[in-house]
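J.: Residue numbers (the numbering used here), protein chains in the order written: chain A, 1 to 352; chain B, 1 to 352.
Because the hints were derived from the structure by calculation, they are not lab data. Please note: incorrect hints may appear among the correct ones.
Since the list gives no way to pick one copy over another, a pair counts as held whenever it fits inside one copy or between any two copies.
[Stated by the list, open to error] Calculated cross-link-like contacts (lysine to any residue; reagent style SDA-like; alpha-carbon spacing at most 20 Å):
hint : residue 1 : residue 2
1    : Lys122    : Pro80
2    : Lys151    : Ser75
3    : Lys122    : Gly255
4    : Lys151    : Gln198
5    : Lys151    : Arg102
6    : Lys151    : Glu346
7    : Lys122    : Gly299
Protein chains: 2
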Amino acid sequence: MKKDYVRPLDLRAGRVDMNHGAGGRASAQLVEELFARAFDNEFLRQGNDGAVLPVPRELLDGGRLVMACDGHVVSPLFFPGGDLGALAVHGTVNDVAMLGARPLYLSASFILEEGFPLADLKRLVESMAAAARDAGVPVVTGDTKVVEQGKGDGVFIATTGVGVVPRGLEIGGALARPGDVLLLSGSIGDHGMAVLSQRESLEFETTITSDTAALHTLVAALLEAAPGGVRVLRDPTRGGLGTTLNEIARQSGVGIRIDEAAIPVKPQVEAACEFLGLDPLYIANEGKLVAIVDSAVAGRALAALRAHPLGTEAARIGEVVADPHRFVQMDTRFGGRRVVDWLSGEPLPRIC
Amino acid sequence: MKKDYVRPLDLRAGRVDMNHGAGGRASAQLVEELFARAFDNEFLRQGNDGAVLPVPRELLDGGRLVMACDGHVVSPLFFPGGDLGALAVHGTVNDVAMLGARPLYLSASFILEEGFPLADLKRLVESMAAAARDAGVPVVTGDTKVVEQGKGDGVFIATTGVGVVPRGLEIGGALARPGDVLLLSGSIGDHGMAVLSQRESLEFETTITSDTAALHTLVAALLEAAPGGVRVLRDPTRGGLGTTLNEIARQSGVGIRIDEAAIPVKPQVEAACEFLGLDPLYIANEGKLVAIVDSAVAGRALAALRAHPLGTEAARIGEVVADPHRFVQMDTRFGGRRVVDWLSGEPLPRIC
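Extracted from the complex, chain A is given alone in its bound form:
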């Protein structure tokens, strides 16, 4: 056997160079010594430019495929509670789960900037691999490109998830009906404020930690507790809860009423938002979901969320109403009512 590589990749002091993206020997070495090792699974080991995958049982039993994708460009790459690698798994697993589907497989496309430290890349890839393992959703195929210094920003990761939704289950943003109940799985604003706290020399007295997490087991628990009663699931990421509710109101052609006092916000997030003049309703979350459920199952559904480690602070936050204007309105803590509009400015760029 010929010796393919004389020198191993210098994962301590080395840097990404253009050769790592050229498709030749250096590319192969990066894939073998870093990506394949971290993500190792039987599908990646096939060693082709794609993966051949077994068909999940639900598909043979009348289920349907689900496909979702997300590009991840968060800055900074590391933040309290997570990093780009973990986020790239969680974000896409959650998009698949929000359709009621069981996530099965991930693809990952890396766009690296020349000069990026290989040690940092290793940290991100290993965090991503750990997140994929924890979620039980393997990265089965991938791709790496390199762009010149100044033409990227360290690392971008685009992931696509494939899953399967069981026969008969219909969940989607257009299915909310007047009388339905809104549940929220926990406090809002944690992710956005955690990332923001790392930027622009902001320092808060207390550490705010990102909520980044894979929500598919929470969704599974909810669906089991309230079969047939879950109409809409959505994770309020970019744009925050306020924008997510407006999207649903528009898709379903309904109005939504929420109760400010019922929406959990951590004190340190609230304080930081107040200090910066931000509204937690528009701050991104990466480990929370909104569930719109039939009022008949709302109690059971809420109990199921609260019984899960990722939903201990779940709350009933409002209801769906008939409204041709499709307004989202909020009863404020001070006894008033105001319209919650879409996010229109850009308070927090590159949050995910």
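With chain A's structure known, arrange chain B on it following the hints.
T.: What follows is chain B alone, placed relative to chain A:
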């Protein structure tokens, strides 16, 4: 109904700004007025953060899923014969097809640089939509992020393709056996030299056009003509034919012999390579495939390739041999024999 947007997107003189990636109103507008309109299909119209998809018949009949992804960072974005948008469809459709699979669905993740002209984005998206339509493989879900000026390079597009390989069909880089025959579907080096010709003020006397194309119908024709006889399919993209053959030799644990005189190279590509001191064996292709087939079906397989519009110049270029060193060797036009090594330098960055 409330009027959601007062002003339509300025697709003539407007530019991408950070708001287009914030997940709020501007993001929704970009998706609706550009992406959803160009890619329009029943799955995108579901309007969720992912798509629910019907299960293809092959899967119910013992087939397996295939998943492949590719990030596309080609520079410049527009080149003779194609652009980033078309390439993002072809590259991933081809990765799926090289496993013998029928490509079904694409996801697309866009990473845009602040300040990029919306008119150019529209051109790319419409070209991508046309390529997807021509291939019969719809973009069913997508995502858009925006990074600050100087943190990206116009547009990057990562695509993932899902397909299905019929029951019993086994194709992969590890399946070449001594005695098998190598077929190449056409001339090499066209894509890389077409992109290069647009860079660094190079001007050649004749125009070289990229071969970018979706190869799945060519694969289908080949598989139909030589059932059971196709062992390996691969598209020699980055790294070129030379690197692709080395990958296969390593995966299969075999040697490969090729005949330089049999490898089609267009005269203008050959002249440009000679002028620049490049070897066409290492120049990227985006519309060519290598097929390694059982020698018993080689004649039929070659005829099937030649009968297809994308394979008119197909040629038998060599054979697989037993070789514990897994060398790729080439009989040169001058009667010698030399080793064809992996690409080790980086002659052509950002070719795809």
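J.: Each of the hints needs a verdict: does it hold here or not?
T.: Hint check results:
1. Lys122 / Pro80: within (18 Å within a copy, 38 Å between copies)
2. Lys151 / Ser75: Answer is both: 15 Å inside a copy and 11 Å across each meet the 20 Å cutoff.
3. Lys122 / Gly255: So Lys122 and Gly255 fail the 20 Å test inside a copy (47 Å) and across (33 Å) alike.
4. Lys151 / Gln198: between (23 Å within a copy, 18 Å between copies)
5. Lys151 / Arg102: So Lys151 and Arg102 fail the 20 Å test inside a copy (37 Å) and across (35 Å) alike.
6. Lys151 / Glu346: between (23 Å within a copy, 17 Å between copies)
7. Lys122 / Gly299: Neither, since 45 Å and 48 Å both go past 20 Å.
Checked against the numbered hints given earlier, this structure breaks hints 3, 5 and 7; the rest are met.
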